[in-house]
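Chain A is fixed; fit chain B onto it per the hints.
One line per chain: the protein sequences are A and B, in this order.
In terms of this note's numbering, the first sequence is residues 633 to 773.
In terms of this note's numbering, the second sequence is residues 296 to 517.
Just so you know, these hints were derived from the structure itself, not from any lab.
Do not rely on the hints blindly, as some may be mistaken.
Stated by the list, open to error - Estimated spans, in silico, between C-beta atoms of each pair:
#1 A/N667 - B/R508: 55 to 61 Å
#2 B/G429 - A/A720: 55 to 61 Å
#3 A/A720 - B/R463: 29 to 35 Å
#4 A/G666 - B/G429: 55 to 61 Å
#5 A/P764 - B/A448: 36 to 42 Å
#6 B/D313 - A/N703: 47 to 53 Å
#7 A/N667 - B/S450: 54 to 60 Å
#8 A/L708 - B/A448: 51 to 57 Å
#9 B/D313 - A/K686: 21 to 27 Å
#10 B/D375 - A/E689: 49 to 55 Å
#11 B/G431 - A/G691: 33 to 39 Å
Here a beta-carbon is modelled for each residue, glycine too, at the ideal position from N, C-alpha and C.
The chain contents come next:
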Amino acid sequence: MSFTPNIQIFCCHYTSQQAIAEGASGLESDGFPGNATINRLPCSGKLQVSILLKAFEDGADGVCVIGCPENQCHNLMGSQRAAHRVLAVKKALAELGVEDNRIEMFHLERGFHPEFVQVAQQMDTRLRGMGPSPFHGENEK
Amino acid sequence: MIIAERKPVNEIVAMVRDAKRVLVLGCRGCVSVCSAGGEREVEILASLLRLGAQKEGRTLETIEATLVRQCDREYIEEIDKWDGSYDAIVSIACGVGVNFIANLRPMDKVYPGVNTSCFGGSTEQGVWTEQCAGCGNCILHLTSGLCPVARCAKSLMNGPCGGSVNGRCEIHKDVPCIWQSIHDRLNRIGSPGDFNRIAPIRDWSTAGHGGPRRISRDDLTI
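If we strip away everything but chain A, and leave its shape as in the complex, we get (with noise of 0.2 Å):
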């Protein structure tokens, strides 16, 4: 049975500019994966351990976080905070008996839009084989 991920992306404002400015149909032309939606934020930084669960309450197969290089965030340290947060959703994720890499932080280039199409579709593709996320509940599946 074919199974398409809902994969949740939270990106901050400088990784994720060219992107918005391409626009839907001109994400999608690009091979963005039309299951993954974009949710923009000022700064990786700004990321809440809880809003990356909720993320899996509601629904998501898989989370996907993308903020600046390591050290060269826009604000500072805000994508080495969002790294940090993801390692916490990682570790409770692997306590509830569930995949940990549903959840994956990257840090890519500000603006350079090519590689943030590719990490949507090395999630895409990464979930796409792991199948439906367990939080769906076992009477579901």
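Just chain B now, kept in the frame of chain A:
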């Protein structure tokens, strides 16, 4: 402050597996400062408990609340307002909070969401270390303010064991030998003589070896 850390989520999910409605209760005291049991952690744990239930095909309702403190009767009474709307409480205060709820709410099921670790402080961002053992008989005036009961792996009272190397403890290489630190500090503050004082055999009855401790002050009791 009292340092605590969250229990593995799967353990907490198992504790409340039979409950349909859970009150996740934080504390604005010590556990809030050490980011184990404050408002933000309540939100995270409630979400994790719901996810744990979702994974098992169940639905779990959560109430999220954080009391001023869980170690005082008057704040525990606030729980009354949720009477009848939860089947179990998960407290992420220290063990004192869990005990207070158990003491004061005889019909409630209460479970601990954190492991209470020690009395300590934050020595760097995200790192907490034990500084005090709460032994009830403080000798910090003899040891330049550094506690060998809590900070020596062997709780030695009369100088180092002889196993430390380059000022590091032989049991935990990443921990300074506190007796080396006491020696250095006594010299630095001009009290080297204190190092030669012999501590008598210690009476540990104040440290809980005589059962639960109780402090009563006549000037405060009514």
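The hint says 21 to 27 Å between B/D313 and A/K686; measuring C-beta to C-beta, is that right? 25 Å, holds
Against the range 29 to 35 Å, how does the distance between the Cβ atoms of A/A720 and B/R463 compare: consistent or not? 30 Å, holds
For B/D375 and A/E689, compare the CB-CB distance with the range 49 to 55 Å and indicate the outcome. 29 Å, violated
Verify the CB-CB distance for A/N667 and B/R508 against the hinted window 55 to 61 Å. 60 Å Cβ-Cβ, so the 55 to 61 Å window holds.
Quick check on a hinted range of 55 to 61 Å for B/G429 and A/A720, using CB atoms only. Check failed, 30 Å falls outside 55 to 61 Å.
Starting from the range 47 to 53 Å, see whether the pair B/D313 and A/N703 falls in it by beta-carbon distance. Given about 49 Å between the Cβ atoms, the range holds.
Given the hint of 55 to 61 Å, is the C-beta distance from A/G666 to B/G429 inside that range or not? Hint holds: Cβ distance 59 Å, inside 55 to 61 Å.
Range hint compliance [Cβ, B/G431 to A/G691, 33 to 39 Å]: For A/G691 against B/G431, whose Cβ atoms are near 53 Å apart, the range 33 to 39 Å is violated.
Determine whether the Cβ-Cβ distance between A/P764 and B/A448 falls within the hinted range of 36 to 42 Å. Since A/P764 and B/A448 have Cβ atoms about 49 Å apart, the given range 36 to 42 Å is violated.
Please test the hint of 54 to 60 Å on the beta carbon pair from A/N667 and B/S450. Distance hint for A/N667, B/S450 holds at roughly 59 Å.
A/L708 versus B/A448 beta-carbon gap, inside 51 to 57 Å or not: At roughly 38 Å between Cβ atoms, B/A448 and A/L708 fall outside 51 to 57 Å, so the hint is violated.
In summary, the numbered hints that this structure violates are 2, 5, 8, 10 and 11.
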